[in-house]
Amino acid sequence: MATYTMKEAKPAPSANKGVVFWLRENLFSDVKNSLLTLFGLYILYALIPPLLNWAIFDATWSGTKAELPSDGGARWIFIVEKFDQFIYGFYPESLHWRPNLVAFLSVALLVSLKLLKNNKVKIGLIIAFPFVCFVLISGGWFGLEVVETEKWGGLMLTILVAAVGIIASFPIGIVLALGRQSDMPVLRNLCIGFIEFVRGVPLITILFMASVMLPLFFQDGIEFNKLLRALIGITLFQAAYIAEVVRGGLQAIPKGQYEASEALGLSYWQGMILIILPQVLKISIPNLVGSFISLFKDTTLVLIIGLFDILAMVTLTNSDTNWLGFETEGYVFVTLIYWVCCFSMSQYSKAIERKFNTEH
Amino acid sequence: MKNKQVSSNNVGLLNNPLYRSIFFQVLALAIVLFLAFYFTNNMFNNIAASNITTGFGFLDNIAGFGISQTLIEYSDGTSTFGDVFIVGLLNTLLVSILGIIFASIIGLLIGVGRLSDNYLVSRLSLIYIETFRNIPILLQILFWYNVVLAALPSPRQSFNYLDSIFLNNRGLLLPEPIFEAGSSAILISFILAVAGVIYLKRWAKKRHDDTGEEFPIVKVSIAILILAPTLVYFVSGQPVTAEYPVLKGFNFKGGLTIVPELLALLFALSIYTATYIAEAVRAGIESVPKGQKEAAKSLGLKDHVILSKVVLPQALRVIIPPVINQFLNLTKNSSLATAIGYPELVTLFSGTTLNQVGQAIEIILMTMAVYLVISIVISLILNWVNAKMAIKGR
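Those protein sequences? They're chains X and P, same order as listed.
For the first sequence, the numbering used here gives the first residue as 624, with consecutive numbering after it.
For the second sequence, the numbering used here gives the first residue as 340, with consecutive numbering after it.
Warning: the hint list may mix true and false statements.
To be verified - No farther apart than 20 Å at their CA atoms in a straight line, the calculated lysine to any residue pairs in the SDA-like style are these: (1) X/655 x P/462; (2) P/648 x P/638; (3) X/973 x P/661; (4) X/849 x P/382.
What the hints assert, rightly or not - Okay, the calculated bits of chain P under chain X, using three or more residues with CB under 8 Å as the criterion: (5) 358 to 364; (6) 553 to 562; (7) 664 to 675; (8) 683 to 693.
As the list claims (entries may be wrong) - Covered stretches of chain P (in silico footprint by chain X; criterion: 3 or more residues with CB under 8 Å from a CB of chain X, positions within the stretch not fixed): (9) 395 to 406; (10) 478 to 488; (11) 600 to 614.
Keep in mind that the hints were calculated from the coordinates and are not lab data.
Backbone N, C-alpha and C fix where the C-beta goes; we use that ideal spot for every residue, glycine too.
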């Protein structure tokens, strides 16, 4: 009995696959495209080799200032030498374990929030955490040595300003957004006035206002230090932007949800907290992350009012007479830190967006 | 929540929505008013205690400092703080407008490059966007100013282009146009050309509506706009000449100098803002459904007609609002010039003037008012554009 043997499928004609086909299709499909490709290749050729040479092949990683060769490569030894200042500012070296512990605790908190099931424990942890961090960094309690805010600096200060800005502005922003959507004309107009005023002026003027005008607003004896003033300014600024993001979310929730919560007999706040806001915050996550990225980038502005964040440390470390002329290395190092943080946050927000996107 | 018609007979006074709403609003207003009163009261007490004068009289006082770049007449012996304010405002507008022009050009190119069929070009555009939008703008400004422009050679070793454009650590030197008598004729001819083009466009549209015939409006308009002023320039005897920068001793004399602060600011602002504009352009073009292009093609329209009559009108509606917002952001970001000392509004007014006069309230409120007016004007423009571009008949 003749058996039928399945023949192997023939490979596709070579003109439709393979490297050559891909190149022809994507890079050299016609004259214009070929020219563009050559132009792109030229840009790569002009940028990549010098950059690699500077950053890696010609770079120096060791030595002291006096014996540094100047063969055009990066002298990363500057970063290695000044690393502590870039991270901790003037925080006393013997106490560096305290910010380190805070960093460790933050990771531990995130992990435990993921693992723990009990919501009350979670909320307790979240509320207790800022106080623990503050006590650890600033000292003064439990026999911890006090560290003045003037000594806080570097990446530590940058992250602190960003974190306080994000956390403190969040509830204010939500309240402002609810106020803007409210039926009460007086409340609504107050909120609109605040939001539009803050969004209409640059952050730097708000910071100037906080640092110069704020002390005048209070009676003598109420003192604000420089850091607190900057934090107040940044929080108010960020709150207006969060409010606009949340408002976008509030408007995107179908009207039926509002009506359903009323039909269930829930009060305004019950309806908001149990029904509306959980949905609003969920769909607003991508935009909220976008707003956090802007805030993180904007924390650099505190250097203009005299705080020493990581960017200000570049100028400061370069004023050390033993280490003059290392601006490039300093800026590149700071750029890398910001870029990695912002890029990973934006990828995270894109991933969330894809996850929520149920269009297809 | 819009059920205000709830009869108040069967609800207690405490639970009546209307009364509750009034109560909360009065409460909120009272709190705000109390805070405002408390703050201003303290403020006046503090000001009185520290013997600072109040009011805007300081604007008429002589400002005793020089400014590196001014668009109007300014001398440190006779000009007032009011003049300083105007100088700062004009410099802010100058850097914003130039920045907006460059950012739009770069953003458009990168945004179109992002959608290119060419794999390399679209990847390079993506790398450009992801690199520059994730670096703080202040860091970019400082990098351009302290690293790139600080490394430029001294005037004697300037980069020289055709003996008329020079680049050195004092800035970029360009030939300065000198307008002699009769040059106003060129301006008038240009204005007439613009009016002519507007009239021509109306006529072409009407003819197209009536007969369906196309008129090459873009080419003809460009030709008119360029040819008319050029013709008048030669007819009126070439009244515009250029003054070239010349190296004398250790520095250049003559010509138009663009200070390094302005260069650094322009580079940073336009490169940074261009990433956002590029994303807006990409999103706008991608928002036009594929079927629109296919339908236009199956109607037999030519490629450039598809672009100008089908794709762009729909894409622009999506592109323009975020781009105008970015223009506003660029204007606000120009205030960061204070970090490198470019003499714009914040540097001159909230910086130098505040240090000399000490009237923090007036000065910071004036500065904020300027930015508020700019953003109100820009949002009015945005509303007008949105209304104009809204799909009609829906």
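Practice item. Examine the region 395 to 406 of chain P: at least three residues should have C-beta closer than 8 Å to a C-beta of chain X. Key: violated (count 0)
Check your understanding: Would you say the region 600 to 614 of chain P counts as covered by chain X, given the rule of at least 3 residues with C-beta under 8 Å?
Key -> Violated: only 0 residues of the region 600 to 614 of chain P have a Cβ under 8 Å from chain X.
Check your understanding: Checking C-beta pairs, does the region 478 to 488 of chain P have three or more residues closer than 8 Å to chain X?
Key -> With 5 residues closer than 8 Å to chain X, the region 478 to 488 of chain P meets the three-residue bar; holds.
Review point. Hey, residue 973 of chain X versus residue 661 of chain P, does the alpha-carbon distance stay inside 20 Å?
Key: 19 Å, holds
Point to revise | 8 Å C-beta test of the region 553 to 562 of chain P against chain X, three or more residues | key: With 0 residues close enough to chain X, the hint is violated.
Point to revise | Restraint status (C-alpha distance of residue 849 of chain X to residue 382 of chain P at most 20 Å) | key: 19 Å, holds
Review point. Does residue 462 of chain P lie within 20 Å of residue 655 of chain X when you go C-alpha to C-alpha?
Key: 17 Å, holds
**Study point:** Verdict on chain X covering the region 683 to 693 of chain P, criterion of 3 CB contacts below 8 Å
**Key:** holds (count 3)
**Study point:** Proposed proximity, residue 638 of chain P with residue 648 of chain P (alpha carbon, max 20 Å)
**Key:** 13 Å, holds
Check your understanding: How does the coverage statement for the region 358 to 364 of chain P fare against chain X, requiring three or more residues with Cβ below 8 Å from a Cβ of that chain?
Key -> That given contact holds, which follows from 3 residues of the region 358 to 364 of chain P lying within Cβ reach (below 8 Å) of chain X.
**Study point:** Coverage of the region 664 to 675 of chain P by chain X (three or more Cβ within 8 Å)
**Key:** holds (count 4)
Violated hints, listed in ascending order, are 6, 9, 11; each of the other numbered hints is respected by the structure.
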